[in-house]
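Each chain, written out:
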Amino acid sequence: MKITVGIVDYGVGNHASVRHTFRELGMRCRTSDDPATLDDCDLLVLPGVGAFRPAIEALRARSLDVYLVECASRGMPLLGICLGMQLLADSSHENGVTRGLGLVGGEVMQLPAPRWHIGWNTIEVVRPDPLFASANGHAFFFNHSFAYREPNSHAVCQCVAGGPFVAAVRRDNVVGVQFHPEKSQSAGRALLRELARGLVSA
Amino acid sequence: MLKRRLVGVITVKKGWAVQSFGFVRHLPLGRPEVIAQNLDRWGADEILVLCIDRTLADAGPDIDLVRRIGRMGLSTPVTYGGGLRSVDDGMAVIQAGAERVCIDAMLWREPMVVRALSARIGAQALIGALPVSRSGQTIAAYDYLSRTERPITTQTRALFAQQVISEALIIDWQHEGHARGFDTDLVRRWPLPGVPLIAFGGISEPEQLEELFCMEGVVAAGVGNFLAYREHAIQNLKERVRVPSVRPAEYECKP
Chain G
1048 MKITVGIVDY GVGNHASVRH TFRELGMRCR TSDDPATLDD CDLLVLPGVG
1098 AFRPAIEALR ARSLDVYLVE CASRGMPLLG ICLGMQLLAD SSHENGVTRG
1148 LGLVGGEVMQ LPAPRWHIGW NTIEVVRPDP LFASANGHAF FFNHSFAYRE
1198 PNSHAVCQCV AGGPFVAAVR RDNVVGVQFH PEKSQSAGRA LLRELARGLV
1248 SA
Chain V
61 MLKRRLVGVI TVKKGWAVQS FGFVRHLPLG RPEVIAQNLD RWGADEILVL
111 CIDRTLADAG PDIDLVRRIG RMGLSTPVTY GGGLRSVDDG MAVIQAGAER
161 VCIDAMLWRE PMVVRALSAR IGAQALIGAL PVSRSGQTIA AYDYLSRTER
211 PITTQTRALF AQQVISEALI IDWQHEGHAR GFDTDLVRRW PLPGVPLIAF
261 GGISEPEQLE ELFCMEGVVA AGVGNFLAYR EHAIQNLKER VRVPSVRPAE
311 YECKP
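Just so you know, the sequences run in chain order G and V. Under the numbering used here, the first sequence has 1124 at position 77, and the numbering climbs by one with no breaks. Under the numbering used here, the second sequence has 191 at position 131, and the numbering climbs by one with no breaks.
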């Protein structure tokens, strides 16, 4: 079965690398903010760059926040990338407290000194999950100054920079990765293939 | 482990990728997109596109170029520098497809704009570029617009010290383009401890990279001209750099 990936377009960032990577993996891609178009996809991808508040406001302005929560509740696979992962949380403390989509619990906090995490870092699987098994020990590209923090057990991978923090999270059909697999060359392509196939066939 | 990055630098003048020698002599290489595609294929850790004539001409950033590179869907992070004057310029560069922006003249001309830009895109997305040279026991910044050297200003220092900018690109402008030219004393004498450094200018050999990557504060090294002389130049360098904190050479293996 050829997987169709729906890239959620809410006006934030450039989706070319995400689209290009999935196409290289032999999947179809649709980039849209239209629920009817996204409903025809097998997997939704929520990318994102920039700050939390304008991003969640952009989702709300298009009523995509309600749509994504509804998709997740009916079991549609959803993958958040970088800021897209942070948007899955209950809230963020970036420039004040802002409510998120509430799909994976947790909150998004400023990283401790040096306050950012830039570059290629190895991730460690901390909760066995077949979707991430092959990514254990591989380096991925990170570029962020806020990170997800959670009191529950949804963290799947962690990364160490200063201290440990959550690099990937999964709650059933909802997955988030703090790094950019689409900018992580072969390791990123391999992980995206595993995530897409695994989530769609789950 | 957070890796040290080998950054492929593309210097662009009048829309063409060029080899640059000491900030004065430039030889054409070809289309920047083609160079970027090669660097991506060869597994560079990051690609830095520097349009060196945009600030001088007050032309703003080359958004068309960033967009063209962005549309290629590279699997390597891209940083763009050149011509940025405002917060809107920085936002436009990010929206066009770059992960990070690199600023130069704005550092001393418009420090308040730098702060506003940092607030919008985050300090992690902001690199400050400083062409520098040794001046006695200290370091002088080179203003390529007026072609004069001056101390690094208090305002510029504050931008780094207060973490408004995440990394400093220190360019050995005098030795840029010269094999084995980079002066490591520029790192030793860098006056702001704790500021992550990207070294660039005259870095051609694996031994230089090894030395730099073992120096405190150096998180990345940029290589420009010397990647243009042979195929798979990134992999060749990486295979010869014996430092565990460097991501191994990667060979294209697409599905």
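Bear in mind the hints are in silico, worked out from the structure with no lab data behind them. All C-beta atoms, glycine included, are put in the ideal place defined by N, C-alpha and C. Misleading hints may appear alongside valid ones.
Facing chain V, a subset of chain G residues (Cβ under 10 Å, in silico) [unchecked claim]:
#, residue
1, Ser1138
2, Gly1143
3, Arg1236
These stretches of chain G come out as covered by chain V in the derived footprint (C-beta under 8 Å, 3 or more residues) [stated by the list, open to error]:
#, stretch
4, 1057-1064
5, 1094-1100
6, 1150-1164
7, 1171-1181
8, 1184-1192
Label pairs and their in silico Cβ distance ranges [as the list claims (entries may be wrong)]:
#, chain 1, residue 1, chain 2, residue 2, range
9, G, Ala1180, V, Tyr311, 20 to 26 Å
10, V, Leu116, G, Ala1180, 20 to 26 Å
11, G, Gly1245, V, Val303, 48 to 54 Å
12, V, Asp113, G, Ala1180, 46 to 52 Å
13, G, Ala1249, V, Ala117, 31 to 37 Å
14, G, Gly1058, V, Gly75, 27 to 33 Å
15, V, Tyr311, G, Asp1219, 46 to 52 Å
16, V, Gly196, G, Arg1146, 53 to 59 Å
17, V, Ala117, G, Arg1107, 37 to 43 Å
Given G/Ser1138 as an interface hint, is the shortest Cβ-Cβ distance to chain V below 10 Å?
Given a least distance of 18 Å, the restraint on G/Ser1138 is violated.
Note whether the CB distance of V/Gly196 and G/Arg1146 lies within 53 to 59 Å or breaks it.
Holds: the Cβ-Cβ distance is about 56 Å, inside 53 to 59 Å.
Are there three or more residues in the stretch 1057-1064 of chain G whose C-beta lies closer than 8 Å to some C-beta of chain V?
Since three or more residues must qualify, the claim that chain V covers the stretch 1057-1064 of chain G holds, with 4 doing so at under 8 Å.
Do at least three Cβ atoms from the stretch 1184-1192 of chain G come closer than 8 Å to Cβ atoms of chain V?
holds (count 5)
A range of 27 to 33 Å was offered for this pair. Does it hold for the Cβ distance of G/Gly1058 and V/Gly75?
holds (29 Å)
Range hint 46 to 52 Å (beta carbons of V/Tyr311 and G/Asp1219) holds or violated
Taking Cβ atoms as reference, V/Tyr311 and G/Asp1219 lie about 36 Å apart, which means the hint is violated.
Taking 8 Å as the Cβ threshold, is the statement that the stretch 1150-1164 of chain G is covered by chain V upheld or broken by the three-residue rule?
It holds: at least three residues are needed, and the stretch 1150-1164 of chain G offers 4 whose Cβ sits within less than 8 Å of chain V.
Is it true that the C-beta distance of G/Ala1249 to V/Ala117 lies inside 31 to 37 Å, as the hint says?
violated (54 Å)
Taking 8 Å as the C-beta cutoff, is the stated coverage of the stretch 1094-1100 of chain G by chain V satisfied by three or more residues?
Coverage by chain V holds here, the residue count being 3 at a Cβ distance below 8 Å.
Once the shortest beta carbon distance from G/Gly1143 to chain V is found, is it less than 10 Å?
violated (13 Å)
Counting residues of the stretch 1171-1181 of chain G whose CB is closer than 8 Å to a CB in chain V, do you get three or more?
violated (count 0)
Does the Cβ distance between G/Gly1245 and V/Val303 fall inside 48 to 54 Å?
Violated - the Cβ-Cβ distance for G/Gly1245 and V/Val303, about 35 Å, lies outside 48 to 54 Å.
In this structure, the hints that do not hold are numbers 1, 2, 7, 10, 11, 13, 15, in rising order.
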